[in-house]
Amino acid sequence: MYKVVLDADGLIKTYKAGFLLQLTKEYVCLLPEEVYQEAVVAARIGHADEARALQDLIAAEQLLRRPAARSRVADRILRGWHSLGRGESGAVRLFFREGAGALLTDDRAFVNFLGLHRIPFLTLSEALLNLHAANRLSHQEAERAAEQLRPLIRRDVYEDLRARLEKLR
Amino acid sequence: MKKPVPLRIPENLLSLAALKARRDRVDKATALRQILYAGAEVYTLQLLSHGELSLSRAAELLDLNPWEVLERAAARGIEVGETLTQHRAVGPSRVAERPSERESPPERRTRVTRRNHRQEKKRSS
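Here the protein sequences line up with chains U and B, keeping their order.
Those letters in the first sequence? Residues 9 to 177, per the numbering used here, in order.
Those letters in the second sequence? Residues -4 to 120, per the numbering used here, in order.
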């Protein structure tokens, strides 16, 4: 199975859009320790339900929590890059460490970084379309997920997603 | 951690802080910090929207968790996430690269993508 590393943006948005569980069935979803700390541990106050749901997925080993990784390649390309936080840096290190297939993110700054360094990534709309194509999501479920993604992504990206979903009908 | 910083503040902002202090029943220094933080939040969210800061970095700078950052951006109507230009520029084949290519990206390709990055920034500004 294809290994995908999630950053906080990818994790939170797939959870909010309601297709995180299906994503874990289609891909091996790796969660860096740094992302776990910021999106699960720090979220226990104020987002207790979400933090608990993510913790349950980790306990069921559907989301694979990984300790902070070290990677010389990642350190080299991350040097001097101040627009990224600990979460994204940890995700890049884990990507190289695990030899993962892609990073799942929809973060504009992170996508810029990944594109610049030719690191493969999956955006949420791509992931959603892939899950639909793999029959992990029915057309109706994919449309519902797209609707839930609406406030979390840009309007033109949402419209593009709807148009591509319509073509798959 | 808070640090004292010597700062010249315009009189109008001090008047605003005094107004806020009276209204919210806090001291003037707290009112000033709240005004400063509100400005910092908007500025950080704009940088996030423009792709100059990532979600995780924005959360670190605002001392919030990423869930809260996304909620505050949504509450202010600030769009975040990948742009359609970025989305179309890279294409779906981006997940199909071989690991060997990732370990040592050729210099020529890096320059090409760097130019794309500049173009993307220019378009967004």
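The set of hints was computed from the structure by calculation and includes no laboratory data.
Positions of the beta carbon are idealized from the N, C-alpha and C atoms, including for glycine.
Take these hints with a grain of salt, some might be off.
Here are some chain B residues pointing at chain U (derived, C-beta under 7 Å) [unchecked claim]: (1) Lys15; (2) Thr25; (3) Gln29; (4) Tyr32; (5) Ala33; (6) Gly46; (7) Glu47; (8) Leu50; (9) Asn60; (10) Ala69; (11) Glu74; (12) Gly76; (13) Glu77; (14) Leu79; (15) Gln81.
Computed cross-link-like contacts, EDC-like style, restricted to lysine to aspartate or glutamate with a CA-CA straight-line distance of at most 20 Å [claimed, not checked]: (16) B/Lys23 / B/Glu6; (17) U/Lys33 / U/Asp64; (18) B/Lys15 / B/Glu47; (19) U/Lys24 / B/Glu47; (20) U/Lys24 / B/Asp19; (21) U/Lys24 / B/Glu66; (22) U/Lys11 / U/Glu58; (23) U/Lys175 / U/Glu149; (24) B/Lys(-3) / B/Glu55.
Do the hints match the structure? See the list:
Contact between B/Lys15 and chain U, as hinted, is not supported at the beta carbon level, the nearest pair being about 25 Å apart and thus beyond 7 Å. Checking B/Thr25 against chain U: minimum C-beta separation of about 22 Å lies over 7 Å; hint violated. Below 7 Å, beta-carbon pairs count as interface contacts, and B/Gln29 has none with chain U, the closest being about 19 Å; its hint is therefore violated. At a threshold of 7 Å, the smallest CB-CB gap from B/Tyr32 to chain U is about 17 Å, leaving the interface hint violated.
Proximity of B/Ala33 to chain U is violated relative to the hint, the smallest CB-CB distance being about 19 Å (cut-off 7 Å). Given hint, B/Gly46 at the interface with chain U, holds; its Cβ is 3 Å from that chain's nearest Cβ, closer than 7 Å. Interface restraint check for B/Glu47: the shortest CB-CB distance to chain U comes to about 6 Å, inside 7 Å, so the restraint holds. Residue-level restraint check for B/Leu50 holds (minimum Cβ-Cβ distance to chain U is 5 Å; threshold 7 Å).
For B/Asn60, the shortest C-beta to C-beta distance to chain U is roughly 4 Å, which falls under 7 Å, so the interface hint holds. The interface hint given for B/Ala69 is met, as the beta carbon of that residue sits about 5 Å from the closest beta carbon of chain U, less than 7 Å. Contact between B/Glu74 and chain U, as hinted, is supported at the beta carbon level, the nearest pair being about 5 Å apart and thus within 7 Å. A cut of 7 Å between beta carbons decides the hint on B/Gly76: the least distance to chain U is about 4 Å, and the hint holds.
For the restraint placing B/Glu77 at the interface with chain U, the shortest Cβ-Cβ distance is roughly 5 Å, inside the 7 Å limit, so the hint holds. Interface hint status for B/Leu79: upheld, as the beta-carbon distance to the closest one in chain U is roughly 4 Å, under 7 Å. Nearest Cβ of chain U to the Cβ of B/Gln81: about 5 Å, under the 7 Å cut. The hint holds. This hinted pair checks out: B/Lys23 and B/Glu6 have alpha carbons roughly 13 Å apart, not beyond 20 Å.
Distance hint between U/Lys33 and U/Asp64 is fulfilled; the C-alpha atoms sit about 15 Å from each other, no more than 20 Å. Only pairs whose Cα atoms come within 20 Å are accepted, and B/Lys15 paired with B/Glu47 is rejected, the gap being roughly 32 Å. Under the criterion of a C-alpha separation no larger than 20 Å, the hint pairing U/Lys24 with B/Glu47 is inconsistent with the structure, at around 24 Å. Pair hint U/Lys24 plus B/Asp19 does not hold up; C-alpha atoms about 34 Å apart against a cutoff of 20 Å.
A threshold of 20 Å between alpha carbons decides the hint, and for U/Lys24 with B/Glu66 the separation of about 11 Å falls inside it, so the pair holds. Between U/Lys11 and U/Glu58, the direct Cα distance comes to roughly 23 Å. Violation of the 20 Å bound is thereby established for this hinted pair. Of the pairs offered as hints, the one joining U/Lys175 and U/Glu149 holds, with about 15 Å between alpha carbons and a cut-off of 20 Å not exceeded. Only pairs whose Cα atoms come within 20 Å are accepted, and B/Lys(-3) paired with B/Glu55 is accepted, the gap being roughly 15 Å.
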